[in-house]
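Protein chains in written order, with the numbering used here: chain R, 73 to 339; chain B, 7 to 159; chain L, 361 to 1029; chain U, 617 to 906.
Hints were generated in silico from the structure; no laboratory data involved.
Worth double-checking, as some hints may not be accurate.
Unchecked claim - When the alpha-carbon atoms are kept at most 27 angstroms apart in a straight line, the in silico DSS-like pairs for lysine-lysine are as follows:
| no. | chain 1 | residue 1 | chain 2 | residue 2 |
| --- | --- | --- | --- | --- |
| 1 | U | 787 | L | 710 |
| 2 | L | 612 | L | 683 |
| 3 | B | 120 | B | 133 |
| 4 | L | 764 | L | 922 |
| 5 | R | 339 | B | 143 |
| 6 | L | 869 | L | 798 |
| 7 | R | 310 | L | 401 |
| 8 | U | 758 | L | 710 |
| 9 | R | 339 | B | 135 |
| 10 | L | 411 | L | 383 |
| 11 | U | 712 | L | 876 |
| 12 | R | 321 | L | 886 |
| 13 | L | 696 | R | 321 |
| 14 | L | 886 | B | 119 |
| 15 | L | 986 | R | 330 |
| 16 | R | 334 | B | 131 |
| 17 | R | 205 | U | 758 |
| 18 | L | 616 | L | 594 |
| 19 | B | 119 | R | 231 |
| 20 | L | 757 | U | 758 |
| 21 | U | 712 | R | 315 |
| 22 | L | 612 | L | 696 |
Unchecked claim - Quick list of simulated restraints, FRET-style, between CB atoms:
| no. | chain 1 | residue 1 | chain 2 | residue 2 | range |
| --- | --- | --- | --- | --- | --- |
| 23 | L | 562 | R | 335 | 51 to 57 angstroms |
| 24 | L | 876 | U | 775 | 52 to 58 angstroms |
| 25 | U | 812 | R | 331 | 35 to 41 angstroms |
| 26 | U | 856 | L | 828 | 51 to 57 angstroms |
Please read these numbers as outputs of a predicted model, since none were measured by experiment.
Beta carbons are placed, not taken as given, at the ideal position from N, Cα and C, and that holds for glycine.
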Amino acid sequence: MKLLQNKVAELFENGTINLMIGFKEALTKQPVPCFIEKASEIEQLIYTKDCKNNLSVYLHKPEVKQAGKIGILANIATLRALVQLTSENQFWDIEKTVLTVNDKEEVIVFSDMEEVEAYVQANFPEFSEEDLKLLDYLESLSREDRWKYWTEQFSACIKCYACRAVCPMCYCPQCTVECNQPQWIKTSAQTTGNLEWHIMRAMHLAGRCINCGECGRICPVGIPVHLLTVKMNQDLFKEFGTKSGFALKGDYALNSFKPDDKEGFIK
Amino acid sequence: MSEFEPKIVAFVCNWCTYAGADLAGTSRTQYASNVRIVRFPCTGRIDFMLLMKAFENGADGVIVSGCHPNDCHYTSGNFHARRRWIVFRSILDLIGFDTDRITFSWVSAAEGKKWANLVDEVTDKIKAKGPFTDLDKLDGVQLKELYDEAITK
Amino acid sequence: MARIGVFICHCGENISATVDVAKVAEEAAKMPGVAYAMDYKYMCSDPGQTKIIEAIKEHKLTGIVVGACSPRMHEATFRKAAEKGGINPFLCEIANLREQVSWVHPRTEATTRKAIDIVRTIVNKVSKDTPLFPIKVPVTKTALVIGGGIAGIQAALDIANAGHQVIMVEKSPSIGGHMSQLSETFPTLDCSQCILTPRMVEVAQHPNITLHTFAEVESVSGFVGNFDVKVRLKARSVDMSKCTGCGTCWQKCPSKKIPDEFNAGLSYRTAIYSPFPQAVPNKPVIDRANCNYFQKGKCGICKKVCPAGAIDYEMEDEIIDIKVGAIVTATGFDIKHTDFFPEYGYGEFKDVIDGLQFERLASASGPTSGEIRRPSDGKIPEKIVFLACSGSRDKAKGIEYCSKICCMYTAKHAMLYKHKHHEGNAYVFYMDIRSAGKNYDEFVRRAIEEDDVHYIRGRVSRIYEKDGKLIVKGVDTLMNAEPVEIEADMVVLATAVVANPDAESVAQKMHISYDKHHFFAEAHPKLRPVETNTAGIMLAGACQTAKDIPDTVSQASAAASKIMGLFSSDEMTREPVVAVVNRCMPPLFTTCTGCLLCLEVCPYHAIEREEIKDRRTGEILKVAAKVNAGLCQGCGTCVAFCRNKSIDLQGFSNQQMLSEVVALLNKPF
Amino acid sequence: MKVGFYPGCSLEGSSKEYSKSLFAVSEKCGITLEEIKDWSCCGASAAHSLNHDLSIALPARTLALAEKQGLSEIVIPCAACYGRLAASQQAILNDKAILEKTEKYIDMAFTGNVQLLTVFEFLQKYIFPVADQYIVDKLNQKTACYYGCLLARPKDLTKLERPENPMEMEKVMEKAGATPIDWAFKTECCGAGFSMSRTDLVAKLSGRILEDAAERGADSIIVACPMCHSNLDLRRPEIKKQLKKDINIPVLFITQALGLSMGISAKELGLDKHFVPTGKAVSCIVKKEA
């Protein structure tokens, strides 16, 4: 911990950063994000295995961007998000310094995104066993039961859009659900509208989602929304060999194609 | 009760399938009148959201059709569309949506006969499946339950 | 509120026979937004069109729907009529009641209902239509021709003769290309250089042509009518303005053992060299990779002997910027070399040569002054075996296509050999003889019948050397599949025509597509064979696919005429059915996220990065996508791709398409 | 050092000397060869033309046995056997359905983690690093290295760099102090499959090979395939009739030639088992200069 704090203090001292996004302890087991603006606040900075939040989501916020030079303490999911976002041209207006703590508890300060990319590729995470188990279970159901399962889940959705707010990939200044010329998605929290929202979200994140699972964790009514995108990523890798959050020159399944892409349903 | 006549919406590209449907006309090939065509410049323009909106607005079946691979008027619109459909279908599959109600096809400008057969087949298939009510049920049931609950209180 | 007019055509009886047209018009009149509806026997006739024009004026219509035949038939007709009536032509849309209703269904109520549905859908679309105006793009009337082979030469001369400026860029020190290496040409056996050299000189002297040899295109940006091109003029190390081409330098150059590209490696050249005697320009360059001065730092003989003081070792590459309106890509081809064939000795047998090497042997300006002699010992071969389809049409070698020129040039080679050496024996192993072309088959027959060339239908499995002979083992499939063995003195492989090694990078610089063999892709295989998918860039010659000289020249002229068409007016007019990235008030400027993932989706590379800047400070406020209307062809793939609907397609907008769907469905079928 | 060994039928019968010499050389270099217990036919002769499943299952059984026995590498000297075992392994590893089917046939698990070695790979990996200390003699003769069909083909199984003109055997012969000649019939057909049924064809095909070797001055022909050996060695009378001349060049297995350079006796290498006397090859040998 001391190592990390010293490193960050150093960054503040030599003027590399003037805002640090990291984690601090909370009443619950899971640490919470914190924003450190001066050296005196560095003491609260911690990093443990329980630091799950994807802090990259804050990099889209205007108030964070204003700081100019931002340090960000990143877990592997956050690093993937940073790689993916770079491939989506999102960091043209900020200067950032990325830190992580590896398995051996060494603090790494990346000098550029290429280093982050190399680190991500060397430590690329597998899909979580738990998610795969649930997906396997869902796949074992009949179509009608799956429909029942998901529509029941979606009937509970209150359209709070927390899943969107927490997602580093959902950075559109105006989301399609807010589009009313034409109105693509019903605004009220009815199941059909909810269903459309979640299908659309899955389509927009397929191949871009970096599997941090924040959306599922954050959902106040407990819908495992992250499963949709996890499944999509799994399928895309199987079908097209693409991986999200893997390369700075992104290889995104939906803006590329191969003339011999295989499918079994087009007549 | 009269026989169920399904509503089928066809999203087609201008250069191949729309022209193929025109050819079915010029060769006077008869087919089921349950289909309504919406013309797009290219399959690449066909938004998956429109497919959802079609079902939401009461379509019983949807046909999506364009140029065969390598024949796209814009060279690669259909290739992009194909990837999009692969992904879209797999999301629908996961959610348990009845993907049998969406038929994807390649119909070229020369395949008037194929177009007519396609429409007939899809019409028969959807007739056999009956009206699409999966979405109506969702909100319908929910509202009815709320209503019943309110009444009993 | 929209005031839409609906005009239902009977098309004689073509529509009215199965559709109750009066009923359709009657129902249409009740639709929201419809101010007037009528039906008429022939809407497309002059009186019909007049009725539309009058109705527009009389009922102050803002848009019209014509229920008639397919829009592919008469959309243009009715849009013109709308314009005459005083409304924007893009506010006229067609409901297809003939091809997709009356001709394919019987006379039932359902058919009429379908017609009404379609009319309602289109009425809804028109209610969301906005006026669109043709896009005007200015044109820079200068053409760039990349490649100085016969394709580039022909295209450049055609365009220049039409009075336009042409800039030609050629990679090697001289123009002429592969054609200048050829001995005689089929099917007339006229000398290649005799017909080519005057053209080369014409290029060099043409007042409208600027020639840059020893130069390469660095980058291409911009769009049709307005390309910005960077050209790298490689350092020749020879001052062109001083050099007289006297040749003293290359006579005295001590590095004499460099394989001569022009002679396909059959002879040597010096480090300072002009590729061949008729080169244009006939002024040397220094091949720095093989020059003692540049590699070892000492020598400098050429500088000492040059009477004009033209040698300049300090010369550096220069990058020039040019503006052009259109580009002809004529970068040519390459052939597979003998080392591609393990079964024929991995290129290690000196007397197994490729077609281009044979051309040089047969050429009067070649290393043997036109005498066909073996590279190994200089003897005149008594027996030559020619192998057509070496590599071509061979899936196992990864080349499935036919190289097209080999059948003809192999017949020519065999003939040339027989003409020069009557006693000799020429054998040709072939798969099929493909001699489609004017006087082509006659030519092959002449080789077989008059010049006594032995044609053997079959392939060769192996060649090995024995006692100074090449043993060619093959099969004659026409003689009961008998194995054949020929003791040859020389073997000529008609190796496959392939794309240039740098074709891929050229295509990427130009943003044009290419196939898996790296041949450049035409916009449409039948109907647009000389254009590429990038508007304003044309193809000529074998960079597209294997071609012979007549085909190459035809295509070059076609490319030139396409460009002349483009240059015929100062502005180009384009259909306004293009994609547009939305704009809104600051601080948002646009809802586009600037993720720029759509750049890859566009088949025409019409989407580019745009920086929205503060007008005063120049500070970048936002990065967004921007559609170049000059390049966009209106497919709409980006529209369906954009996650938050920041791009829309004029004429097929989200509003229009969704309202069509809703209008269709919210009534019983 | 222990390496697994699959003999196949030939090395137990007509080409016993190939096996014998391989063992002799290996022993000399401190390598123990362990035979796969209860191995079965590789299916080379007929299985693949009669039943596709069988042609995969037969080698698979042997490979599964090797796995059970704990062998991680096996050397397969016979070119035909190697071809079948490698093809079977590749087919199974490339297709899950074939794996499942085959496991059912052989009633054993198949992981495919046994590495298969051609005789060249074996020599390269195990003998070459130590060979110099054991090579005491110089073969001192011109050798024509003959590969025939299966040692070089198909190229994705045999992994040779230049399938149309391989050099693997030449490298071994150079090490043994011989001078390999450049000749034309290295990879031509010996008539293998017609060994019994059409000896006239064998005579014609093998005759050309011998003739070219003879014309280019070879003192011996080196082979690494039992079929090649028997055709070139056994069919001399027929070949003589065909060529209308006598060619007496002996045909040695690569391991025999290598063994000779290591000072192993002709008897131990099974040179007495040949039809064409090998004395001519042996007589060339000289002591290696220190």
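Hints versus structure:
1. U/787 with L/710: Within the cut-off at roughly 25 angstroms; holds.
2. L/612 with L/683: Cα-Cα ~41 angstroms, so violated.
3. B/120 with B/133: Given pair residue 120 of chain B, residue 133 of chain B holds - Cα atoms ~20 angstroms apart, limit 27 angstroms.
4. L/764 with L/922: Holds, at about 25 angstroms.
5. R/339 with B/143: Cα-Cα ~30 angstroms, so violated.
6. L/869 with L/798: 37 angstroms, violated
7. R/310 with L/401: 58 angstroms, violated
8. U/758 with L/710: Given that 27 angstroms is the threshold and the Cα spacing comes to 25 angstroms, the pair holds.
9. R/339 with B/135: This hinted pair holds, its Cα atoms lying about 19 angstroms apart.
10. L/411 with L/383: 19 angstroms, holds
11. U/712 with L/876: 30 angstroms, violated
12. R/321 with L/886: 35 angstroms, violated
13. L/696 with R/321: Violated, because 33 angstroms separates the two Cα atoms, which is more than 27 angstroms.
14. L/886 with B/119: 24 angstroms, holds
15. L/986 with R/330: 25 angstroms, holds
16. R/334 with B/131: The given pair, whose Cα atoms are some 25 angstroms apart, holds under the 27 angstroms limit.
17. R/205 with U/758: Violated, at roughly 67 angstroms.
18. L/616 with L/594: 22 angstroms, holds
19. B/119 with R/231: 46 angstroms, violated
20. L/757 with U/758: 35 angstroms, violated
21. U/712 with R/315: Holds: residue 712 of chain U and residue 315 of chain R sit about 24 angstroms apart, inside 27 angstroms.
22. L/612 with L/696: 34 angstroms, violated
23. L/562 with R/335: 51 to 57 angstroms: Given about 54 angstroms between the Cβ atoms, the range holds.
24. L/876 with U/775: 52 to 58 angstroms: Cβ of residue 876 of chain L to Cβ of residue 775 of chain U: about 26 angstroms, so the range 52 to 58 angstroms is violated.
25. U/812 with R/331: 35 to 41 angstroms: At roughly 50 angstroms between Cβ atoms, residue 331 of chain R and residue 812 of chain U fall outside 35 to 41 angstroms, so the hint is violated.
26. U/856 with L/828: 51 to 57 angstroms: With a Cβ separation near 28 angstroms, residue 856 of chain U and residue 828 of chain L fall outside 51 to 57 angstroms, so the hint is violated.
Hints 2, 5, 6, 7, 11, 12, 13, 17, 19, 20, 22, 24, 25, 26 from the list above are not met by this structure, while the remaining hints are.
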